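S.K.: As you go down the protein sequences, you meet chains Y and V in turn. For the record, in the first sequence the residue sitting at position 60 is 59 according to numbering that gives the first Met the number 0, with numbers rising by one throughout. For the record, in the second sequence the residue sitting at position 270 is 269 according to numbering that gives the first Met the number 0, with numbers rising by one throughout.
FYI, nobody ran anything at the bench for these hints, they're computed from the structure. Hints should not be assumed to be uniformly reliable.
Straight-line alpha carbon distances no greater than 27 Å define the calculated DSS-like cross-link-like pairs of lysine-lysine that follow [claimed, not checked]:
{"id": "1", "chain 1": "Y", "residue 1": "43", "chain 2": "V", "residue 2": "234"}
{"id": "2", "chain 1": "V", "residue 1": "76", "chain 2": "Y", "residue 2": "25"}
{"id": "3", "chain 1": "Y", "residue 1": "43", "chain 2": "Y", "residue 2": "22"}
{"id": "4", "chain 1": "V", "residue 1": "203", "chain 2": "V", "residue 2": "349"}
Here the structure is a predicted model, which is why all the values come from computation and not from measurement.
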Amino acid sequence: MFRSLQSDDHNLITLSVNGRSVKARKGQSVWSAMAVASEVVTRKAALSGNARSAYCAMGVCFECMVEIDGLANQQACLSRVAEGMNVSTQVITEDTEADAGL
Amino acid sequence: MQAFDCAIVGAGPAGMSAALALTQGGADVIVLDRADRAGGQIYRSASSSPLPDAASLGPDYAAGADLITRFERSGAKHLAGADAWHIGDDGRILFSYQGDTRELHCREMLLCPGAMERPMPIPGWTLPGVMTAGAAQVMLKSDAVVADGAVFAGSGPLLYLIVAQYLRLGVRVAALVDTTPRRHYLDAAPLLPRAWRQVGQLRKGLSLLREIRAAGVDTYRYAENLEVIGEETAKGLRFSISGQPHEVSADTVFLHHGVQPNLNMTRAMGLAHHWNNAQMCWQVTVDEFGQSAISHVSVAGDGAGIVGADGACAAGRVVAQNMLYHLGRVSRTGRDRNSHADLYYLSSMKPFRRFIDCLYRPTEALRLPRDTETLVCRCEEQSLGDLRAGFEQGARDPNALKSLTRCGMGPCQGRQCGHVVTGLLAQWRKESPDAVGYYRLRSPQRLLTVDELGRYNTIPAEAAK
Ligand SMILES: Cc1cc2nc3c(=O)[nH]c(=O)nc-3n(C[C@H](O)[C@H](O)[C@H](O)COP(=O)(O)OP(=O)(O)OC[C@H]3O[C@@H](n4cnc5c(N)ncnc54)[C@H](O)[C@@H]3O)c2cc1C
Ligand code: FES
Numbered sequence: 000m001f002r003s004l005q006s007d008d009h010n011l012i013t014l015s016v017n018g019r020s021v022k023a024r025k026g027q028s029v030w031s032a033m034a035v036a037s038e039v040v041t042r043k044a045a046l047s048g049n050a051r052s053a054y055c056a057m058g059v060c061f062e063c064m065v066e067i068d069g070l071a072n073q074q075a076c077l078s079r080v081a082e083g084m085n086v087s088t089q090v091i092t093e094d095t096e097a098d099a100g101l
Numbered sequence: 000m001q002a003f004d005c006a007i008v009g010a011g012p013a014g015m016s017a018a019l020a021l022t023q024g025g026a027d028v029i030v031l032d033r034a035d036r037a038g039g040q041i042y043r044s045a046s047s048s049p050l051p052d053a054a055s056l057g058p059d060y061a062a063g064a065d066l067i068t069r070f071e072r073s074g075a076k077h078l079a080g081a082d083a084w085h086i087g088d089d090g091r092i093l094f095s096y097q098g099d100t101r102e103l104h105c106r107e108m109l110l111c112p113g114a115m116e117r118p119m120p121i122p123g124w125t126l127p128g129v130m131t132a133g134a135a136q137v138m139l140k141s142d143a144v145v146a147d148g149a150v151f152a153g154s155g156p157l158l159y160l161i162v163a164q165y166l167r168l169g170v171r172v173a174a175l176v177d178t179t180p181r182r183h184y185l186d187a188a189p190l191l192p193r194a195w196r197q198v199g200q201l202r203k204g205l206s207l208l209r210e211i212r213a214a215g216v217d218t219y220r221y222a223e224n225l226e227v228i229g230e231e232t233a234k235g236l237r238f239s240i241s242g243q244p245h246e247v248s249a250d251t252v253f254l255h256h257g258v259q260p261n262l263n264m265t266r267a268m269g270l271a272h273h274w275n276n277a278q279m280c281w282q283v284t285v286d287e288f289g290q291s292a293i294s295h296v297s298v299a300g301d302g303a304g305i306v307g308a309d310g311a312c313a314a315g316r317v318v319a320q321n322m323l324y325h326l327g328r329v330s331r332t333g334r335d336r337n338s339h340a341d342l343y344y345l346s347s348m349k350p351f352r353r354f355i356d357c358l359y360r361p362t363e364a365l366r367l368p369r370d371t372e373t374l375v376c377r378c379e380e381q382s383l384g385d386l387r388a389g390f391e392q393g394a395r396d397p398n399a400l401k402s403l404t405r406c407g408m409g410p411c412q413g414r415q416c417g418h419v420v421t422g423l424l425a426q427w428r429k430e431s432p433d434a435v436g437y438y439r440l441r442s443p444q445r446l447l448t449v450d451e452l453g454r455y456n457t458i459p460a461e462a463a464k
């Protein structure tokens, strides 16, 4: 279980993760906000559909790709939370992969 | 178009130290880093820690705040949040910044991309709940987020450091599962007398282990046959010691067995690389001043071979002197005089490095997968069995295997599977990693959207002033 060591309630913002309203601290990474909210599945693997989650938290594994405000392939560990942001687990299958950018 | 004297990619210890020396030498410098703040891996958020008590991370971390402050006052232009994805041998750098694509030009280019953790392809390593120990540290330093009751497994100083940091902060640790084999202690022992010159570093390492033992954390030594338990998410770790099975329950498993240079930037430039057998990884080929075969392109810090934070600082200063020499701001003898002490320090560190590299040498059992179902390529879901089948169909080098199986073709661009693929092919072909080679990489080094490319901007050198 992930938790924050910060106890004060300053600088809190609200975002939505998979439709759930979640509180996070300004400046926090999207991934750590998801982790504290126990929403750890970032994406479904394209072939097997297996659940995946952040692995490196530093931008080199691309396991944390989520959809942010409708945009796919956003690395949650490198993105910062914002008020009203919409984050959801990314489901890109083999068929839709071609549309997902470069 | 006017060019910057110097552009540095990476604001870790290497990049910051180089920027300080370059601005002192009168050069105009721009530093790009994808992170929001300067500091790199070791000094991440050191000057703006979200932790109630950052001192608990140790004196090294606190020292980082001072370097960051000096860097920020140096006059170098720091673009935080700038992610470089094309480095041209023509002095052109393309990067993403605030959702746009930007371009800049420079006369001298210094790449300080640092290191990443060595992948550990054990069964179950792709399950949610399995992360690297460095990930635990990143979350702790940047966001003050921790995992209670996690198990830490592997070997090496960074693993013991994060466990000690957790304990100081009162975070419960389920167990430390140390995989350093018994024989490594015997192999490393003869190297100890010469390494003793870096006695301070050695003491630091030993005191971390003492601290962990004193805290009463369950510590298992000489663990083998690691396997993450769980179907949908991690439920714990299974391993054996001298043939005896053990299990630790935990919903978070942090793995670590050393770091390796971030290759994609130097590889995509087409620079020469060679296999470092002591550190079991690829590294870019540069001279003692960090200069590559392209004379205006240099590499410093862990990105040019693992040297640690102090080594990265020294290397950054050395490379900066050579760049000042290229720019005509210091004579050749001036360069040699100014870098003498740092070059001496770097060579005096070598015996210590050799000792550490030997003691914590990644074992083959953790470097390469052993079960046919274990995934090597996390992005394209290619398992050991898939790769072996590709090899048997005739794909004998990393690029052929990539075309045949898609291994290495996903968004991480081989960052996770590359070293494993080299290792497997070397084993199957019974040849050296150098003979096997690595993926051919190209820019862009990250996922881009057409939308982003549409917004294109150039940063002229006047911006530095
Ligand atoms: C996760 C992790 C945690 C670590 N923690 C410690 C520690 O606590 N103590 C310790 O002694 N050592 C630690 N290390 C080892 C560390 O590599 C060195 O100690 C030291 O940080 C190396 O300095 P550097 O300047 O070479 O690289 P780094 O400090 O890694 O700095 C590299 C910088 O380059 C940036 N970068 C990389 N690619 C790009 C790009 N394409 N565009 C823009 N910016 C880019 C990164 O954001 C980073 O800030 C850690 C390593 C890792 C991987
Ligand atoms: S967790 Fe690895 S890239 Fe984000």
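S.K.: A separate judgement is required for each hint: does it hold in the structure or not?
M.R.: The hints, checked one at a time:
no.: 1; hint: Y:43 / V:234; in the structure: holds, 19 Å
no.: 2; hint: V:76 / Y:25; in the structure: holds, 25 Å
no.: 3; hint: Y:43 / Y:22; in the structure: holds, 24 Å
no.: 4; hint: V:203 / V:349; in the structure: holds, 17 Å
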